[in-house]
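4 protein chains.
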Amino acid sequence: MSGNSFGQLFRITTWGESHGPSIGCVVDGCPPGMALAAADIQQDLDRRRPGTSRFTSQRREADEVEILSGVFEGTTTGTPISLLIHNTDQRSRDYGAIKDQFRPAHADYTYYQKYGIRDYRGGGRASARETAMRVAGGAVARKCLLEGYGIVVRGYLAQLGPIGVEEFDWSEVSRNPFFCPDAAKVPEMEALIEQLQREGNSVGARVNVVASNVPTGLGEPVFGKLDGDIAAALMSINAVKGVEIGSGFASIEQKGTEHRDELSIEGFLSNNAGGVLGGISSGQDILASIALKPTSSLRIPGRSLDIHGNPVEVVTTGRHDPCVGIRATPIAEAMLLLVLMDHCMRARAQIPDFDAKHPRR
Amino acid sequence: MSGNSFGQLFRITTWGESHGPSIGCVVDGCPPGMALAAADIQQDLDRRRPGTSRFTSQRREADEVEILSGVFEGTTTGTPISLLIHNTDQRSRDYGAIKDQFRPAHADYTYYQKYGIRDYRGGGRASARETAMRVAGGAVARKCLLEGYGIVVRGYLAQLGPIGVEEFDWSEVSRNPFFCPDAAKVPEMEALIEQLQREGNSVGARVNVVASNVPTGLGEPVFGKLDGDIAAALMSINAVKGVEIGSGFASIEQKGTEHRDELSIEGFLSNNAGGVLGGISSGQDILASIALKPTSSLRIPGRSLDIHGNPVEVVTTGRHDPCVGIRATPIAEAMLLLVLMDHCMRARAQIPDFDAKHPRR
Amino acid sequence: MSGNSFGQLFRITTWGESHGPSIGCVVDGCPPGMALAAADIQQDLDRRRPGTSRFTSQRREADEVEILSGVFEGTTTGTPISLLIHNTDQRSRDYGAIKDQFRPAHADYTYYQKYGIRDYRGGGRASARETAMRVAGGAVARKCLLEGYGIVVRGYLAQLGPIGVEEFDWSEVSRNPFFCPDAAKVPEMEALIEQLQREGNSVGARVNVVASNVPTGLGEPVFGKLDGDIAAALMSINAVKGVEIGSGFASIEQKGTEHRDELSIEGFLSNNAGGVLGGISSGQDILASIALKPTSSLRIPGRSLDIHGNPVEVVTTGRHDPCVGIRATPIAEAMLLLVLMDHCMRARAQIPDFDAKHPRR
Amino acid sequence: MSGNSFGQLFRITTWGESHGPSIGCVVDGCPPGMALAAADIQQDLDRRRPGTSRFTSQRREADEVEILSGVFEGTTTGTPISLLIHNTDQRSRDYGAIKDQFRPAHADYTYYQKYGIRDYRGGGRASARETAMRVAGGAVARKCLLEGYGIVVRGYLAQLGPIGVEEFDWSEVSRNPFFCPDAAKVPEMEALIEQLQREGNSVGARVNVVASNVPTGLGEPVFGKLDGDIAAALMSINAVKGVEIGSGFASIEQKGTEHRDELSIEGFLSNNAGGVLGGISSGQDILASIALKPTSSLRIPGRSLDIHGNPVEVVTTGRHDPCVGIRATPIAEAMLLLVLMDHCMRARAQIPDFDAKHPRR
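Protein chains in written order, with my numbering: chain A, 958 to 1318; chain B, 958 to 1318; chain C, 958 to 1318; chain D, 958 to 1318.
With the rest of the complex left out, here is chain A (with noise of 0.2 Å):
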């Protein structure tokens, strides 16, 4: 319950809307005995700020993350670590006309619907601002991850609209504003990008994640798959319309004989599986892929209602992102982290070999 709230023993509960004073998380359950400090989270905090290049939001936020709890003499304590950023950039504006309407296709509709009541000053809740805390928690899981079982998790825009990536490089993608493995595209996508804004038009994107160095194990049958709680973390992000694990709806034309990973002395001879068998890792490497679809803030004007139910059109102006996709990788990342630090917890605390098994760092 508590819809705020994500995992079960690693557990992150965020709160804050786009244009009130602050947006932070608790993140509790963390192992104590873990230097950690606010530089260790700002540097992811960083890959996903907004106004960093000219193809995202312009919104300039500083994004500085406080540690208000939970770490003593730099060290965590095993209590709640509660994370602060102030909303610097929240900008006063005239909302005027989006104040009572409806933009298509946004939370807008739904949120008032339910709630009879709806923060019209910029997405309130349902804002990708709130992402920014779901980075913060997972850069923790990230640090427990990697310290506790050398796990590594990765990102990268694997297809912007129409344009996919062909070659692959990991060190390519911090080199370029769009995460992209591949350097050659990135002149295309910039094209791309600048022509939306020029249109005020928007495109969806495909963004992928690898967790390497999983230990076999985790996942629990039937309802708390790894692939399962893969699928809520990544679906939870906004504009997610799409998850797959390993080769996703490739599956559906593949035969048995060409999907099964077959099995040598030399461990596993394809990973169609995308690491996860039976709900449980296998070892291999964990490949997720997701979908988000083309944002709905257009200047292009759109048909809708007002909150009275009478017809108008909506045209969205302010800071917007042409493409969402673009400053997902880190976001898709962190919900990545999240599942895999909680369920290394869960097996722990289930398995009585599992430490003999995965020996802590």
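By construction, these hints were calculated from the structure, which means they are not laboratory data.
Don't take every hint at face value.
If several chains are the same, the list does not tell them apart, and a pair holds so long as it fits within one copy or across any two.
[Stated by the list, open to error] Calculated cross-link-like contacts (lysine to aspartate or glutamate; reagent style EDC-like; alpha-carbon spacing at most 16 Å): (1) 1212 - 1021; (2) 1056 - 1030; (3) 1314 - 1030; (4) 1056 - 1263; (5) 1212 - 1151; (6) 1056 - 1270; (7) 1212 - 1046; (8) 1314 - 1145.
Computed from a predicted structure; not experimentally measured.
Add chains B, C and D to chain A, keeping to what the hints say.
Chains B, C and D alone, transformed into the frame defined by chain A:
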């Protein structure tokens, strides 16, 4: 926790192995005062039952469900409903070779790695047999949702390997063993399955589920989103490798102007969102689609290891479906039903005027 | 949620009514690799069983437990353990008057007010019969705790109405039907119960439970405190009206110098805390004590209402315990066992060196 | 899991240490559409605040609460409400000796044993300061319950060490710093506290809480019982060693004829049950009583160990309450409020006609 429970307020807990004496589930949280008989549940179980056509596993199970608690004189009491099915055809035989071998792409390997023990007699807890109890629990939810809100959940096979559906007629779905809505495609599907049976191979499938008459306001920001919970529910079904909501992966190449569902006084003009905006139901049909991988129980030998680490060739004999997607439709429906019932209860709990807006029938 | 489950990581879900065909529970989260047979569970069930002495209800139940899942070839597999007991002596009879009457101080009234329906045949879900499954689940926890950590949980009747225990000898507890550690008091207790049986009246009791060899570090601040969870566990037992940890209500009149348990190199010098400081186990024995009210199933008429709101005189005939506390000892033990097992798993999950500090046996 | 959250549907998550920069909580699940201002919460916080009389700790905290999210233009939005209080008087000083010593009967020892680290500056997370946020969360519940159902929760000090209350007048409770309903006893209490302050000693207390206008039907069998959850809530308060519902431990010596609350057309004729039958509210007042131990922060030296295992004499200086029970009344009220709010929501979720029976105001 406890990976064998699903749902927060309307919760099922399933138990039992493919080759044990029985399987069962406990449905907790069901509203009191509803007429409920075993026949209400049997109806859905019969749709999932193996051995009903020559295209699915020939295991013969009556799958007769018993209600052991929670119903008094034909009416639910609000206390836990215990459902049980005896396994009648678990066929004692010599497991010989398979006993010590990991079947490629099965949960054998990961269960053994995690638990250090596995029930080698037929998948144990990872067997598709477990899904019978999801269907049973889903049938209780189905009755609650229909009687309470008029919500209807239906599903169909949208693709079998390379064979996609072209014509759509709901009334065809129950007329063939594939849950196929396109009568013209049924002979092609029959031919494909027969060929796979001869080859000892298998193929994947796509199943779609649709919920109609859904109230607005189901789902919670930000981790209790309706689509996030649907993703978890569907990805937890055996063999599922991908989940889409609405236009799903097609959203990647859509432009914002194309994807956004405009709103008029007659309602939404399209349904790319699949009935969910910002994680909350919009009142449109909920549309979800899943990819099922080809089963890995093949007569064509595959490379693998035994539990001692020696390379082996594995051949799976026995009664297996050449396409697990064929029987997946009632299971996918059940999972969607469980999510919707849970969220109806969650919305009623928090929203003071939920009942006023969505009066129970 | 789902009021019929207890525990986070080691979780039991119970179901079944006093007069239904059977009762049962699902134990989810049990570690794999432990030898488990029905006899291990039967042992504890036999201690709670009615009809074993002339001082308790004469309902005759074999209470033979069956293990339906989760154990393969005598070893737990880590998957849910389903336990079932058939009700054999639910005695069909004419419920006549009682059918429409609320027995004073019973759950009849509140169940009817809440659910609008009640199983009038013997308490339904509110019957003490439900506690059999707590004992069954607790027996599984007992084995895990003993084999994993050497933890031992024992209980005894400390007071029966006005008769308090003076001498204390653990070995006496199993030698009389009262679980009384003071042999000299047994004849007094027998006389009191016989007198109450003649009068058709009842009396309350106090039961104490003690856990020994408890590792330090069980329990979580601030709402997952070990004593908070013990309080919930014990207060959830039928008829319990009070729970104490350590010196309990006597602490009110203690001075700080008297209450504080000083610490020396030989260990703590007293145990007013009852083994818990700040919600976390200190390694001392856990001491808890409960008050059980006198049962309200009396042959002496009492004023009440019928379901139509008319005043009635209610007489409860049938097979009832003149003191429910007599059979409560194994139930209280079971609840403490469940809490400790859950917290051992929770501590292992979060604390990196928990196993190093408290090696499993 | 995540020991720092309480409640299923109305859930608070608290964070923060006594000597950190701030403390806070997140209230998730609050119904939308309710007017809420900081002043509504401040009211209850001011009742708990230290430094308001010479009988409690002289720590001076303004305890001014800020609402950081979940309220838009003065109205709750249904999204998480983040509350924060800055610590203003955490007084930097030399912790010298205490830094390496375990204060007898404090959580120092168990935190160190569990986490391998502790915040020695003032109890850290185990400090009574944490309870401020329970009061804050409880204040939100108080407003929901009063406006929704007319439920009122009040508490009072029933006993201070040996001094019990004899006369009872609700209106006296707010007129003295002890929350004592018997004006005649106040001078005795003052004298006792002053004497303890001189001695450097402390004493225990009893606090009672009462909920009025409670709807029937709150609470769930068998582990979600209302009294079970109340017990967990109250036992989780610092220093609480015992919890009673209704006649509590006095039930032990009662006979059934005396204990059972007979029912007439005018209602119940007594309230030994404390408003709960079979775990479900009966509509009578909910009565709960707690025992608080004498604080162990004493100026009288006590034997203990340091973290290296050497025997030491510990003297606790600083600002401590000679009786923590004096300020416990608002905290106990808060915990009862949280339980009742959670259960109102749980009952609304499951019971189709709950609103019809208990219309919201």
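Hint-by-hint comparison with the structure:
1. Proximity of residue 1212 and residue 1021 under a CA criterion of 16 Å is satisfied in neither setting, with 50 Å inside one chain copy and 33 Å between copies.
2. In this homomeric assembly, residue 1056 and residue 1030 come within 16 Å of each other (Cα to Cα) only across copies, at 13 Å, whereas the closest approach inside a single copy is 46 Å.
3. Taking the shortest Cα distances, residue 1314 and residue 1030 never come within 16 Å of each other, neither inside one copy (32 Å) nor across copies (24 Å).
4. Taking the closest pair of Cα atoms, residue 1056 and residue 1263 come within 16 Å of each other only inside a single copy of the chain (9 Å); across copies the shortest separation is 56 Å, beyond that limit.
5. In this assembly of identical chains, residue 1212 and residue 1151 lie within 16 Å of each other by CA distance solely across copies; the values are 14 Å between and 42 Å within a copy.
6. Only within a single protomer do residue 1056 and residue 1270 lie at most 16 Å apart by alpha-carbon distance; the minimum there is 13 Å, versus 64 Å between protomers.
7. In this assembly of identical chains, the alpha carbons of residue 1212 and residue 1046 never lie at most 16 Å apart, being 53 Å within a copy and 28 Å across copies at closest.
8. In this homomeric assembly, residue 1314 and residue 1145 never come within 16 Å of each other (Cα to Cα): the closest approach is 47 Å inside a single copy and 49 Å across copies.
Hints 1, 3, 7, 8 from the list above are not met by this structure, while the remaining hints are.
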